[in-house]
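There are 2 protein chains.
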Amino acid sequence: MNPASPLDNVRIVLSHTSHPGNIGATARAMKTMGLSRLYLVNPKSFPDSEADARASNARDILESACVCTSLEEAMGDTFLAAALTARSRDLSHPTRNARQAAGELIRYAHHHPVALLFGRESAGLTSAEISHCQLTVQIPANSAYSSLNLAAAVQIMAYELRMVLEEGVVADEPDPQLPEPASLQEIEGLHHHLEQVMVQSGFLDPTQPKRLMRRMRRLFARTRLEKEEVNILRGLLTAVNPHKPT
Amino acid sequence: MNPASPLDNVRIVLSHTSHPGNIGATARAMKTMGLSRLYLVNPKSFPDSEADARASNARDILESACVCTSLEEAMGDTFLAAALTARSRDLSHPTRNARQAAGELIRYAHHHPVALLFGRESAGLTSAEISHCQLTVQIPANSAYSSLNLAAAVQIMAYELRMVLEEGVVADEPDPQLPEPASLQEIEGLHHHLEQVMVQSGFLDPTQPKRLMRRMRRLFARTRLEKEEVNILRGLLTAVNPHKPT
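Residue numbers (this note's numbering), protein chains in the order written: chain A, 1 to 246; chain B, 247 to 492.
Isolated chain A, as found in the complex (with noise of 0.2 angstroms):
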């Protein structure tokens, strides 16, 4: 891969890993496949002698890791967030293949960067860990034992994003007619002022606030808002607002 690889603008994120084997075995993982911008979402341990020993040659995707305290520090500069889940879950986003997904990832990450994110080893992503996400991905597996190492299902996704440009079904051109997407943060923006709005307003009850605000974000996460939707939605929220200045 040349410099300028869609690979370099996608970025794995571990979520609250346990095992800092796993961390050292995901490293080797991604470089194997070009990747190397690896995000830690609060981890249980690292640095980790366990994580370098499993890293093998791949110790520079450790050392230039960035350790973070949010899923927003980690992703929120991203145009597409891509949570991996085993099973299927209620109010579930769009769900693709790992194939499909990499496919998709692979077109954003021409021009933006992108996230893919692995949950805890035991219990995997949250729901509301998930609904930062804009899709969800699963890998085909046995229904009778899907539990794939969280390093194993790295190396999946690894391989199906390098698969996309090997096999050039993306055209690296793109399509100029594409509106800018909206970010990841601009779009966390847009969902902190809807609640507030729902809130003042008296629509939502700010003591039961999750499920409606889940389903706004599943909404949302449907669509790929593009940056000019999101003002326009944030212009209509500040123009309805009953608590406006006046």
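Please keep in mind that the hints were generated in silico from the structure rather than gathered at the bench.
Among the clues, some could well be false.
Claimed, not checked - Partial selection, computed: residues in chain A whose CB lies under 8 angstroms from chain B: (1) Arg-28; (2) Met-33; (3) Gln-155; (4) Leu-194.
Idealized CB from N, CA, C, for every residue including glycine.
Place chain B on chain A using the hints.
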């Protein structure tokens, strides 16, 4: 997958594995994708508590693993064997990428046992080991660092095998016209017979047999011999043998 899945006909053969943890991780990688037949050729340590730990809930795969002392024992009765290699070699076999190889293996696996052969963690497969296979497989990787962990390589191949079935690209119905392929055992028998006749006829120096026999193996690997063809060739060898009983 139903009980008659082609995945039941696919063997994962690990040759001379050094780290028992990799055997356990391989078992887990296999089971998540619906594979179950594990063959271990001279593993350094097996059974081993480290293998059990890394297998997680795939210990049943370890318990039913076949421990062998030779490749012939592990693969002799298979009909297509593919060797995983990180790089091309001199006198190389036909090479497929992971996806292509998976398609080819599944096509055979609808009716016959097939094998995927993985070498030592440190040095991969020897040329002698590769010469028992009909094709080599490369997993597309970063040319600057292509050293996948053993179990990670198994995970990708197992995933691609499953994906062939998930995507339904390969017809489940056999081609009724397809002639019956020769088993590796039958092909080995041919090679031994051929070498014997070459030596007895003075064509081959028995103190320097390696390169010539490897060329012959490569040739026949490419052709995918049928059962009937092996019989014809062996009949010919018997007929031309200068030492034949008169």
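How the hints compare with the structure:
no.	hint	in the structure
1	Arg-28	holds (6 angstroms)
2	Met-33	holds (6 angstroms)
3	Gln-155	holds (4 angstroms)
4	Leu-194	violated (38 angstroms)
Violated hint for the displayed structure: number 4, the only one.
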